[in-house]
Amino acid sequence: MNGFDSFQLWFIIVGLALGSFGLRFAFLAFMGGRSLPLWLMRHLRYTAVAIIPALVAPMVIWPTPTGGEISLPHLAAAVLTFATGALTRDVLWALLVGTMAFLLLFLFAS
Amino acid sequence: MSITTTKSAFWKGFRDSAPFLLVSGSFGLLFGVLAGEAGLNVLEAFTFSTAVFAGSAQFTALQLLQEQTPLLIILISALAVNLRMAMYSASLTPYLGEAPLWQRACAAYLTVDQSYALSIVQFENAPEMTIAQRMAYFFGTNGLVAPCWMITTLIGATVGTQVPDSWGLDFALPLAFLAMIGPMLRTPAHMVACFVAVAVSLPAALLPFNLGLIAAGLAGMMAGAQAELWLERAAAKDSSQQGAAQ
Numbered sequence: 001m002n003g004f005d006s007f008q009l010w011f012i013i014v015g016l017a018l019g020s021f022g023l024r025f026a027f028l029a030f031m032g033g034r035s036l037p038l039w040l041m042r043h044l045r046y047t048a049v050a051i052i053p054a055l056v057a058p059m060v061i062w063p064t065p066t067g068g069e070i071s072l073p074h075l076a077a078a079v080l081t082f083a084t085g086a087l088t089r090d091v092l093w094a095l096l097v098g099t100m101a102f103l104l105l106f107l108f109a110s
Numbered sequence: 001m002s003i004t005t006t007k008s009a010f011w012k013g014f015r016d017s018a019p020f021l022l023v024s025g026s027f028g029l030l031f032g033v034l035a036g037e038a039g040l041n042v043l044e045a046f047t048f049s050t051a052v053f054a055g056s057a058q059f060t061a062l063q064l065l066q067e068q069t070p071l072l073i074i075l076i077s078a079l080a081v082n083l084r085m086a087m088y089s090a091s092l093t094p095y096l097g098e099a100p101l102w103q104r105a106c107a108a109y110l111t112v113d114q115s116y117a118l119s120i121v122q123f124e125n126a127p128e129m130t131i132a133q134r135m136a137y138f139f140g141t142n143g144l145v146a147p148c149w150m151i152t153t154l155i156g157a158t159v160g161t162q163v164p165d166s167w168g169l170d171f172a173l174p175l176a177f178l179a180m181i182g183p184m185l186r187t188p189a190h191m192v193a194c195f196v197a198v199a200v201s202l203p204a205a206l207l208p209f210n211l212g213l214i215a216a217g218l219a220g221m222m223a224g225a226q227a228e229l230w231l232e233r234a235a236a237k238d239s240s241q242q243g244a245a246q
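Residue numbers (my numbering), protein chains in the order written: chain S, 1 to 110; chain D, 1 to 246.
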């Protein structure tokens, strides 16, 4: 495998399965009718919208296919995909444009 | 159509979820292909999707595995992506909390963006629904989406294991994530969270062990929560001033 072995993979699969289930079950199992403190709910609302962009930004600025060199075509493909999603509010359109941008990059690279 | 029986509740959920098939199908396929390309065999990719059943966390873990990140950091980062599930779980509790434990356990496993978003709207709009009907509706929203996610992962992985490394599908992952981000930016506070996270993530990329991801994620979360508070206060002040003027 690319940079990891089978033990590492299964450790992640099992850990992530248990952890995800725990996060999903915690409140349904034990909270009864009570609700979470407001400040906590307020922070949880923004986890996905913070973590995912934080993961993506370095991958876009220093793309793996160019060995980490800043690349205008990759940047353009990224901006196009993001802008489509932001403007249409529809993940399907964004996916469609992203796929086309990806195919173009692929054609230009080869 | 109004819900009259437990059965009709299930089928309403089933129908309401149909448009999400395309989304879960595309991401399932892509996860399968990327997993296959990363060296997972079909069984491993399928188990991954079935056991974890959370697309964006799976993509995150797959990417970090390939960057040879320490296992603990991978777990924390991927679970951080899934923290929103805790929020879903908490907000479903008033509606489903009285159901039998085994049903709640199944519902927990099936809590994903689509089932949550559909169900919370349905439950708020139809307060007369019984617990059994609510549970049935919730399961219905997953009647198509969950099998679709698993089957497309399987198909994708079968394709992905055949893809030569030289094709370099690496950049498909950031593009898939980028497609998800746009529609998430529903309020100014969401935009603030996203912007701060990106701004911190670039210099923080210098931190060892991919710790930058966690630092940037935390910064974005806190910025979003603060922005929400400020905006609420500004709106309250605004309306009280209007009230005084009248």
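Treat the hints as calculated values from the structure; they're not laboratory data.
Backbone N, C-alpha and C define an ideal beta-carbon position, used for all residues, glycine too.
Please note: incorrect hints may appear among the correct ones.
To be verified - If you want a taste of the chain D side facing chain S, the calculated C-beta under 8 Å gives, among others: (1) Thr5; (2) Thr6; (3) Ala18; (4) Leu21; (5) Val23; (6) Ala57; (7) Ile73; (8) Gly97; (9) Met150; (10) Asp170; (11) Ser201; (12) Leu206; (13) Leu207; (14) Phe209; (15) Ala216; (16) Met222.
Claimed, not checked - Covered, in the sense of this in silico footprint (three residues per stretch, anywhere, with C-beta under 8 Å from a C-beta of chain S), are these stretches of chain D: (17) 122-132; (18) 187-193.
Do the hints match the structure? See the list:
| no. | hint | in the structure |
| --- | --- | --- |
| 1 | Thr5 | violated (24 Å) |
| 2 | Thr6 | violated (19 Å) |
| 3 | Ala18 | violated (13 Å) |
| 4 | Leu21 | violated (11 Å) |
| 5 | Val23 | holds (6 Å) |
| 6 | Ala57 | holds (6 Å) |
| 7 | Ile73 | violated (11 Å) |
| 8 | Gly97 | holds (6 Å) |
| 9 | Met150 | violated (14 Å) |
| 10 | Asp170 | holds (4 Å) |
| 11 | Ser201 | holds (4 Å) |
| 12 | Leu206 | violated (10 Å) |
| 13 | Leu207 | violated (11 Å) |
| 14 | Phe209 | violated (14 Å) |
| 15 | Ala216 | holds (4 Å) |
| 16 | Met222 | holds (7 Å) |
| 17 | 122-132 | violated (count 0) |
| 18 | 187-193 | holds (count 3) |
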